[in-house]
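If you read the sequences in order, they're chains R and A. In this text, residue positions in the first sequence follow the working numbering: the first is 1, and each later residue adds one. In this text, residue positions in the second sequence follow the working numbering: the first is 1001, and each later residue adds one.
Wrong hints could be hidden among the right ones.
BS3-like cross-link-like pairs, simulated, lysine-lysine; straight-line CA separation at most 27 Å [stated by the list, open to error]: (1) A:Lys1297 with R:Lys154; (2) R:Lys228 with R:Lys154; (3) A:Lys1262 with R:Lys154; (4) A:Lys1262 with R:Lys264; (5) R:Lys264 with A:Lys1324; (6) R:Lys228 with R:Lys36; (7) R:Lys109 with R:Lys131; (8) A:Lys1068 with A:Lys1297; (9) R:Lys131 with A:Lys1297; (10) R:Lys239 with A:Lys1068; (11) R:Lys131 with A:Lys1262; (12) R:Lys264 with A:Lys1325; (13) R:Lys109 with R:Lys93; (14) R:Lys131 with A:Lys1295; (15) A:Lys1295 with A:Lys1022; (16) A:Lys1022 with R:Lys131; (17) R:Lys99 with R:Lys264.
What the hints contain is simulated information worked out from the structure, not anything from laboratory work.
Letter by letter, the chains look like this.
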Amino acid sequence: MGRLRCGWTLASLLGLSSALGWGQDANGIRRTADGKPDLNGVWQAMNAANWNILPHSAGPGPASALGAITAEPPGEGIVEGGTLPYLAEAAAKQKENFKHRWTEDPEAKCYMPGVPRANYMPYPFQIVQGKDTILMTYSFAGAVRTVRFGDPGKAPADSWMGWSVAHWEGDTLVVDVTSFNDQTWFDRAGNFHSDALHVVERYTPRGRDILDYEATMEDPRTFSRPWKIDMPIYRHVEKNAHALEFQCIEFAEELLYGNLRHGKGESK
Amino acid sequence: MTFRLFSLTTMAALAALAQSPKPAPRAADGHPDLSGIWTNATITPFERPRELAGKEFFTPQEALDWEKGHVRNFDKRDDIKGTTADVTLAYNDFWWDPGTRLFQSRRTSIVIDPPDGHVPALLPARQKQLQEEAAARRKRCDRPGCGLENSGQPGPADGPEDRPLMERCLSFSNAAPMVSSAYNNDYEIVQTPGFVGIDVEMVHQMRRIPLDGSPHPASDVRFWVGDSRGRWEGDTLVVDTTNFRGETQFRGADENLHLTEKLTRLDADTLRYRFTVDDPTAFTHPWTGEVTFVKAKGLLYEYACHEGNEGMTGILAGARADEKKAAAPGNR
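Make a model of the complete structure from these sequences and hints.
This is the structure:
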């Protein structure tokens, strides 16, 4: 009993110390009870990559009637080297996607955005870092990823957010993501992948409030070689920072089912 | 003989050891660790069946009989073989997955307060409101071809908004409160010192529970799973949830639903969950339910309900086809 109480006191002291910020190292990196970087918090990228991961100028948006509200801001891109190594057939498909982007982008349909796109959409996401499981919970479409350490076995099926298996390399969280379906895009510009996509993500804390994020994409059916993106991801430091539920289904129903409404059929 | 006696005793001791559950683990910060993958699938009735009036708990034998009877009824479809109803039910029964067991507590209903095991009556004004909504729905469907008579969910299907929240993949009844329903009764809890996340497998609804003492947002901000804030009271996680959207209508509740949930990890394999429903504009008085979560076998997988919602396309296209048929010259 004495030993138990001693353990308790230690545990509560540890809890207290982290609450007071003593769980930070010299670089300001917060640490969990087991000494790993503590990535818990609400995060968001700040760039225009969701419009186009490649360098792009400003342009008109999908609804000119709404003025500047839907216009596309410029962006310097997040792809290393500034180009994507599409295979010839895939390059043609991307052009086709681009033409129909305002209605064919899975984002417009409120579909789960896939990885890495979920991490640079203009909405926050929250990392809930448990001992052997990390939940990454995204505001957009209520998408959730379960990131498991160790060996969770093979994915039972392809999925929208993929099958995420993690390990630590020093202070870097490395997440290997496989078993994607071929339905998600990298951005609103129609950049896409096949179900052979394999993503390796690296999350490295740079101080307390910034994560250096890198992702390498390998998809031999779409690209001639692997390619990489990198960007910082910032912590929301405001007091009431939450990745609020943004359930967008009801806003996509007209796009998805509008042609099946009562009264629509007769006029055709 | 001596040897046999010895081995019998050992076996009994081992059996006892195997039966006594491991204690609830604790997190590094000293609080009970609720983390893990849990299921609340059950055949325990939500409200107490009439034949069990006055009986709060089954005896162990009654519980066994109830479970056996449930499995038998579940498989019995002889009476409707070869009918449309059979086809419809076969599809539905394929999906039903409430498990085959009662809760370990052997309670005869999920509702534990009021002690009669029944959800209190709705206030007259709320009853009237719901009746009027239903009547308006029926009236809108008062024309040939409308009604989806053969579906499990009759009613208008003029557009997706007409359909129940579940068909639209917007919200299921498994999330807040966490009460088992048709299937996918699995939950993954990840706990950190300042936050608890619960991934509800059904439609991947996410319970986000900050433990930082922060208040709910302004009442203009509404969510399908409400807004949750948690705190530890001893070894129990207490979660306070408000800011619901009124359309969820849990058991007749409206947008003033105030949910208080209490999660207690009784041992390594068992989580006791109590929820109190307080809605002063819907119910005559607050009421409480109890659900037992046990460790689930296997992992949680992505349930992409909306992304694969071919059902909605089928429902609406079917309704348009019905209208066309009803409007055909021979059917007027």
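Consistency of the hints with the structure:
Restraint check: the Cα-Cα separation between Lys1297 of chain A and Lys154 of chain R comes to about 16 Å, which is no more than 27 Å; the hinted pair holds. Of the supplied pair hints, the one linking Lys228 of chain R and Lys154 of chain R holds, its CA atoms being roughly 25 Å apart against a limit of 27 Å. This hinted pair does not check out: Lys1262 of chain A and Lys154 of chain R have alpha carbons roughly 35 Å apart, beyond 27 Å. Proximity of Lys1262 of chain A to Lys264 of chain R is assessed by CA-CA distance (about 49 Å); at most 27 Å being required, the pair is judged violated.
With a CA separation close to 12 Å, the supplied pair Lys264 of chain R and Lys1324 of chain A stays within the 27 Å bound. Restraint check for Lys228 of chain R and Lys36 of chain R: satisfied, since their Cα atoms lie roughly 25 Å apart, inside the 27 Å limit. Pair hint Lys109 of chain R plus Lys131 of chain R does not hold up; C-alpha atoms about 35 Å apart against a cutoff of 27 Å. For a cut-off of 27 Å, the pair hint linking Lys1068 of chain A to Lys1297 of chain A stands: about 22 Å separates their Cα positions.
For the given pair, Lys131 of chain R sits about 19 Å from Lys1297 of chain A by alpha-carbon distance, which is consistent with the 27 Å threshold. With a C-alpha separation of about 53 Å, the suggested pair Lys239 of chain R and Lys1068 of chain A falls outside the 27 Å cut-off, and the hint is violated. This hinted pair checks out: Lys131 of chain R and Lys1262 of chain A have alpha carbons roughly 23 Å apart, not beyond 27 Å. As the CA atoms of Lys264 of chain R and Lys1325 of chain A are separated by approximately 16 Å, the hinted pair is consistent with the 27 Å bound.
Proximity of Lys109 of chain R to Lys93 of chain R is assessed by CA-CA distance (about 19 Å); at most 27 Å being required, the pair is judged to hold. For the proposed pair Lys131 of chain R and Lys1295 of chain A, the alpha carbon gap of about 17 Å is at most 27 Å, so the pair holds. Between the alpha carbons of Lys1295 of chain A and Lys1022 of chain A the distance comes to roughly 12 Å, so the proposed pair stays at or under 27 Å and holds. At roughly 19 Å between alpha-carbon atoms, Lys1022 of chain A and Lys131 of chain R fall within 27 Å of each other, so this suggested pair holds.
At roughly 26 Å between alpha-carbon atoms, Lys99 of chain R and Lys264 of chain R fall within 27 Å of each other, so this suggested pair holds.
Comparing the model with each numbered hint stated earlier shows that hints 3, 4, 7 and 10 do not hold.
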